[in-house]
Amino acid sequence: MNIIQETKRRLAVALGDAAAAARAAGEISFDELPDFVIEAPRDKSHGDFAANLAMLLAKQARQSPRNVAAALVRHLEIPQPGVARIEVAGPGFINFTLDQSWLLPVLPAVLAEDEHYGWSNIGQGVKVQVEFVSANPTGLLHMGNARGAALGDSIANLLTATGYEVCREFYINDAGNQIENFGLSLEARYLQAFGQEAEVPPDGYHGEDLVATVRHFIARYGDKYLDADPTLRREMLVRFALEEKLAAIRQVLEDFGVVYDVWFSEQYLHDSGAVARAITDLEKNGYIYEKDGALWFKASDFGEEKDEVLVRKNGLPTYFAADIAYHRNKFERGFQRVINIWGADHHGHVARLKGALQALGYDPGRLEVVLMQLVRLYQGGEVLRMSKRTGHYVTLNELIEEVGRDAARYFFVMLKSDSHLEFDLDLARSQSADNPVYYVQYAHARICSILRLAKERGLAVPPAREANLDLLREPAEVELIKQVASLPETVAGAALALEPHRLTRFAHDLASLFHSFYTTCRVLADDPELCQARLVLVEATRITLRNVLYLLGVTAPERM
RNA sequence: GCGCCUGUAGCUCAGCUGGAUAGAGCAGCGGCCUUCUAAGCCGCGGGCCGCAGGUUCGAACCCUGCCAGGCGCGCCA
0 MNIIQETKRR LAVALGDAAA AARAAGEISF DELPDFVIEA PRDKSHGDFA ANLAMLLAKQ
60 ARQSPRNVAA ALVRHLEIPQ PGVARIEVAG PGFINFTLDQ SWLLPVLPAV LAEDEHYGWS
120 NIGQGVKVQV EFVSANPTGL LHMGNARGAA LGDSIANLLT ATGYEVCREF YINDAGNQIE
180 NFGLSLEARY LQAFGQEAEV PPDGYHGEDL VATVRHFIAR YGDKYLDADP TLRREMLVRF
240 ALEEKLAAIR QVLEDFGVVY DVWFSEQYLH DSGAVARAIT DLEKNGYIYE KDGALWFKAS
300 DFGEEKDEVL VRKNGLPTYF AADIAYHRNK FERGFQRVIN IWGADHHGHV ARLKGALQAL
360 GYDPGRLEVV LMQLVRLYQG GEVLRMSKRT GHYVTLNELI EEVGRDAARY FFVMLKSDSH
420 LEFDLDLARS QSADNPVYYV QYAHARICSI LRLAKERGLA VPPAREANLD LLREPAEVEL
480 IKQVASLPET VAGAALALEP HRLTRFAHDL ASLFHSFYTT CRVLADDPEL CQARLVLVEA
540 TRITLRNVLY LLGVTAPERM
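All residue numbers for the first sequence refer to numbering that gives the first Met the number 0, where the first residue is 0 and numbers rise by one.
These aren't lab readings, by the way, just hints derived from the structure by calculation.
Watch out, some of these pointers could steer you wrong.
[Said to hold, decoys possible] Using 30 Å as the maximum straight-line C-alpha spacing, the simulated DSSO-like pairs for lysine-lysine come out as follows:
1. K283 <-> K297
2. K290 <-> K312
3. K58 <-> K7
4. K283 <-> K312
5. K290 <-> K305
These figures come from a predicted structure and were not determined experimentally.
Starting from the given sequences, assemble the full structure and let the hints guide the process.
Shown next, in the form of structure tokens:
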């Protein structure tokens, strides 16, 4: 528990007691203590914390909020130590102003906790799986996949930091129709390479990358499959190409700072009988019927408009059937929470998958789907349409090369997932300082520079308890400490909401407060005592910045 | 037609789950480098929070109805 959270708790308890005391004294009446909040007011003149309890009690008490507030304050046992002033303000807020030094203990704590500062154990070791990207292994990753990668990885980081046991997983769509198409496309390219007449199917994969893949195939196997049985030929081509494509995907994700724990094959679900078993069990539970030669799942029993086909007329199970088996498999592997990062174009899939899981006896609430709106690319003020089929899209590889991993990751996570992301390629390509990530990284580099210089002068960051932290009285110092102190709450809140974009805002604010501090306060000051105190503050800021950047998957450079 | 998401400053977006005078970045204008990194700091201008009702002490946030944009509604994935 961190200082801010602890203080809020203490104030809340004291207010609750005050309410009870005021009631006992007959000054106000209420049945049940409402759920009130203690929060930091936006305006500093309103103190360090404000409580809205009086406003919430006013109706039950049949008195004006300000009267209730006055009664509460009269009966308030002032929580010690630390509260310097209490006042009733505005419509009935109770504002608390704390002693100037109340936050100082956070600095030794930051230095002591170091790379774990901001972390917590809210998750209590609960097993969580985060599945993200899971792109078709038939090509390169595009901007949508990139957003999913940045988002999913940061969410996984957040959950790890809050005490969950996290597994990152990539679901490989190596079965079904698109693989058929993939095989036909590869085959066409193979035959073309030997001068034969062949065409990539209209709904096949037209990207130039397949030509290269086939070239690699030929380098190994030559014309061995030119006159072979087409089924075998396609199988060999697909096997080879999948391996190559997956290796490339794995590599680019690694370059993006994303490393998976598990790569899970869809084909395995078919081969192991898991898909068949899921269908049998749904049937057992009475959610399956046959119509037009196909097997249907009664999604309409779960509020869906239409039922869904699980097994086609031709006897092949649908993607949906495999997905049901897959998600059941996740639960069977012991994950309490299962989180999927999906593009918004899959939103229609959510309810029926939850329905199917419920039909299998699982609590559908254990599956959480984070939907992200699609990325729209702009270039020269024009929308750039992305399409895998035409082979016309900007890849993650290109993105990393042109704007760099740090900027790309920061950019993708900066927006909340349900807002549409407009990616201006011209701006990104310009590699200008406009990119907010540089602003944050620059603060870190500046701190490192101060610490380097201090070291050259024989000054080290002192043990925090030996420094006279009470000297940190400048407004810029106080504000900086406050921000440093609020990291644990920010991390916990972002993890709870699965919203890593809150981290970018925090990082920006922290950098901004540091830059202000830097121009107002000289760290390597003439006064040795003040210098020591400021070295502690600067070190705590460095740790906080580095930790939040780590969660974002962005490096914290020591020089820029 | 139905469902989901979005609509906040010229542009791109925040707004901590209903709080006090709605905030950043970019763009514009004006200042600040002989001392720890100017990729920085300080200041100024800029808003019917899409529209209209409702809920309550209090609404950008919750409810209803419209309007606009995106996405989905396949025996594709």
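Going down the list of hints, with the structure as the test:
1. K283 <-> K297: holds (13 Å)
2. K290 <-> K312: Holds: K290 and K312 sit about 9 Å apart, inside 30 Å.
3. K58 <-> K7: holds (24 Å)
4. K283 <-> K312: holds (21 Å)
5. K290 <-> K305: Given that 30 Å is the threshold and the Cα spacing comes to 13 Å, the pair holds.
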